[in-house]
Amino acid sequence: MAGQGGFAFDLCKRNEFLEARGAKHPGFTKTGTTIAGIIYKDGVVLGADTRSTAGTTVADKNCEKIHYIAPNIYCCGAGTAADTENVTGMVASQLELHRYATGTQSRVVTAMTLLKSHLFRYQGHVSAALVLGGVDFRGPHLFTVYPHGSTDSLPYCTMGSGSLNAMAVFEAGYKDDLTKEEAMELVARAIRSGVFNDLGSGSNVDLCVINKEGVEYKRNYELLQGKTYQRQFPQRFAAGSVPVVHERVYDVRRVVTVTEGEPMEMES
Amino acid sequence: MLHRPPSHSAAIGPGAVPCLALPTPAALEQRQQLGAAQAPSCGAEAFTVDPAALAGGQPRKHTQYPYVTGTSVLGITYKDGVLLASDTLGAYGSTKRYKSFERLRKVNDVCAVGASGELSDFQYIMRLLEELSDDDFCMDDGHHLKPHEVHSYLCRVLYNRRNKFDPLWNSIVVGGFYGGKPFLGTVGMIGTNYTDEHVATGFGNHLARPLMREKHRPDMSEEEATALMHECLKVCYYRDKNSINKFQLAKVTAEGVTISEPFALETDWNYKLFANPAANAPGTW
Numbered sequence: 001m002a003g004q005g006g007f008a009f010d011l012c013k014r015n016e017f018l019e020a021r022g023a024k025h026p027g028f029t030k031t032g033t034t035i036a037g038i039i040y041k042d043g044v045v046l047g048a049d050t051r052s053t054a055g056t057t058v059a060d061k062n063c064e065k066i067h068y069i070a071p072n073i074y075c076c077g078a079g080t081a082a083d084t085e086n087v088t089g090m091v092a093s094q095l096e097l098h099r100y101a102t103g104t105q106s107r108v109v110t111a112m113t114l115l116k117s118h119l120f121r122y123q124g125h126v127s128a129a130l131v132l133g134g135v136d137f138r139g140p141h142l143f144t145v146y147p148h149g150s151t152d153s154l155p156y157c158t159m160g161s162g163s164l165n166a167m168a169v170f171e172a173g174y175k176d177d178l179t180k181e182e183a184m185e186l187v188a189r190a191i192r193s194g195v196f197n198d199l200g201s202g203s204n205v206d207l208c209v210i211n212k213e214g215v216e217y218k219r220n221y222e223l224l225q226g227k228t229y230q231r232q233f234p235q236r237f238a239a240g241s242v243p244v245v246h247e248r249v250y251d252v253r254r255v256v257t258v259t260e261g262e263p264m265e266m267e268s
Numbered sequence: 001m002l003h004r005p006p007s008h009s010a011a012i013g014p015g016a017v018p019c020l021a022l023p024t025p026a027a028l029e030q031r032q033q034l035g036a037a038q039a040p041s042c043g044a045e046a047f048t049v050d051p052a053a054l055a056g057g058q059p060r061k062h063t064q065y066p067y068v069t070g071t072s073v074l075g076i077t078y079k080d081g082v083l084l085a086s087d088t089l090g091a092y093g094s095t096k097r098y099k100s101f102e103r104l105r106k107v108n109d110v111c112a113v114g115a116s117g118e119l120s121d122f123q124y125i126m127r128l129l130e131e132l133s134d135d136d137f138c139m140d141d142g143h144h145l146k147p148h149e150v151h152s153y154l155c156r157v158l159y160n161r162r163n164k165f166d167p168l169w170n171s172i173v174v175g176g177f178y179g180g181k182p183f184l185g186t187v188g189m190i191g192t193n194y195t196d197e198h199v200a201t202g203f204g205n206h207l208a209r210p211l212m213r214e215k216h217r218p219d220m221s222e223e224e225a226t227a228l229m230h231e232c233l234k235v236c237y238y239r240d241k242n243s244i245n246k247f248q249l250a251k252v253t254a255e256g257v258t259i260s261e262p263f264a265l266e267t268d269w270n271y272k273l274f275a276n277p278a279a280n281a282p283g284t285w
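Each protein sequence line maps, in turn, to chains A and B. Each step along the first sequence adds one to the number in UniProt numbering, with nothing skipped, and position 145 is 145. Each step along the second sequence adds one to the number in UniProt numbering, with nothing skipped, and position 234 is 234.
Bear in mind the hints are in silico, worked out from the structure with no lab data behind them. Even glycine gets a Cβ: it sits at the ideal position worked out from N, Cα and C. Please note: incorrect hints may appear among the correct ones.
[Said to hold, decoys possible] Listed below are the simulated DSS-like cross-link pairs for lysine-lysine, each with C-alpha atoms no more than 30 Å apart in a straight line:
(1) K234(B) with K180(A)
(2) K227(A) with K215(B)
(3) K215(B) with K180(A)
(4) K41(A) with K215(B)
(5) K41(A) with K234(B)
(6) K41(A) with K212(A)
(7) K241(B) with K175(A)
[To be verified] To give an idea of the chain B side of the interface with chain A (calculated C-beta under 7 Å), a few residues:
(8) L207
(9) L211
(10) N270
(11) Y271
(12) K272
(13) L273
(14) A281
[To be verified] Not the full set, but computed from the structure, chain B residues with beta-carbon under 7 Å of chain A:
(15) P210
(16) V235
(17) Y238
(18) D240
(19) A275
(20) N276
(21) P277
(22) N280
This is chain A alone, in the form it adopts within the complex (with noise of 0.2 Å):
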């Protein structure tokens, strides 16, 4: 599983050529986002918003931001999209072949590590900041994964641009031994505040609660800033709506004849 060892400097010299040749290096979609997660008394929480966006506009209004890894383990990613997205799908792939190998369930300790050590050896230069979180035979797990590959392990944690928003709603709030409807409704105010505090982070809340039966995947557990009004295509208007100002009646049979006829042949 593990590759060659250090950075690989290949395509810089590309870049550079091309950079040099005038082409614009191709802008990347940021998650500006609020991801948290917390731990409860018999399993793990995590909640994401879906706002991605690219520059000062939002990209899309719904993705997904929490990745699955293993039936037992999900990951919610913040920063480069791409990065994101591909080092958790990685990481799953891996996970994967090793569960055919072993034939055990995957620990999310070994997810942890196979991040980690990807994102050190690449040195921050895969942008994904992460919130691992899943339940094994030893027990419920948390961490955050920093993009230069350092971890750390901890009942609540939130990452993105609206952390500090979601940080002080969970120091507000966080207890021990929360239940699982406390837990729930803990992170989903905790994302509702970056949501509604962070200009990076909006629309809906995603959640979902892993513990020891399984996995409840909740997609856009709250809708927070939906559309307010739907237009109808076609336009309605009711009878009386329009005030007429002026109507003149125009017999059209003073200067057109209608006759009936055959059809014109047309090629065929």
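Model the placement of chain B on the given structure of chain A, informed by the hints.
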């Protein structure tokens, strides 16, 4: 305001009395007129050195960063008035240098201000406000500066200094109670200003504002408002590096301004899952 001869030194700004070190021809003439007997035999006229004259053509850089700083100030309105809160730390970079610095100050009976940022600039601002209040007191006609007037004055001072590329490096919160209505406003170091039902400076914007948005109502009682402030202060203390567990609360109501004695908040560092984070995964961190 009492008349003050303006300073012509761009470096010093308005209101300072001393003249430049280089005597102008007029001053030299004046000295001659006085005669040797009347001119003091020792010492010289009060003067200040204009740093621009000594800089040798280089631009001034010492106004580009603050030295001793205060962190966030929080403010909310409630039913009977306004609450301001801050900690009492003057940090020198990452060092906790001055642990008993009052960053909330009374201006007059209807208004209080709090500041974050460079504390020496805050002391200068307090001097300006005290001069205004003293002038009002000496007039003795029952008038005092209203809170929105203090806010407006500070906006102009800060924006004016910003335009001279010599900003007063502060974010200020102005809280008051006048005409039966609470007033709460904020001014930034470049002159950005607004009024709102709850404000914060610095880190408080990210940590405290979301909690205020969730829980604040204009008709909160004093107990509810104090509880909300305590929660916000606690979160700011947990997550702001440059803060200490020693706070002050300033209350402005119809009865006047009271600034509390410094107090500490109960903090909890003992969550079970902090104790051994790697319990489920020995060998990791």
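Inset, instruction - Below or equal to 30 Å on CA atoms is what counts here, so check K41(A) against K212(A). - result: 11 Å, holds
Inset, instruction - With chain A as the partner, please determine if L273(B) meets the hint condition of a C-beta pair closer than 7 Å. - result: L273(B) check passes; min Cβ-Cβ to chain A is 3 Å, inside 7 Å.
Inset, instruction - Would you check whether Y271(B) satisfies its interface hint, that is, whether its CB is within less than 7 Å of any CB in chain A? - result: Cβ of Y271(B) sits 6 Å from chain A, so the hint holds.
Legend entry - Pair hint outcome, K41(A) versus K234(B) [Cα-Cα no greater than 30 Å]: 25 Å, holds
Legend entry - Restraint status (C-alpha distance of K241(B) to K175(A) at most 30 Å): 23 Å, holds
Inset, instruction - Have a go at the A275(B) hint: is there a Cβ in chain A nearer than 7 Å to its own Cβ? - result: 10 Å, violated
Inset, instruction - Against chain A, run the beta carbon of N276(B) and see if the smallest gap drops under 7 Å. - result: For N276(B), the interface hint is violated, since the closest Cβ of chain A sits about 9 Å away, which is over 7 Å.
Legend entry - Per-residue hint verdict: P210(B), partner chain A, C-beta under 7 Å: 4 Å, holds
Legend entry - Given hint P277(B) near chain A, where the shortest CB pair must fall under 7 Å: Where the cut-off is 7 Å and the nearest Cβ of chain A is about 4 Å from P277(B), the hint holds.
Legend entry - Restraint check for K234(B) with K180(A), where alpha carbons must lie at most 30 Å apart: 26 Å, holds
Legend entry - Restraint satisfaction for K272(B) [CB to CB of chain A, less than 7 Å]: Hint holds; K272(B) Cβ to chain A Cβ min 5 Å, cut 7 Å.
Legend entry - A281(B) as an interface hint toward chain A, with CB separation required under 7 Å: 4 Å, holds
In this structure, the hints that do not hold are numbers 10, 18, 19 and 20, in rising order.
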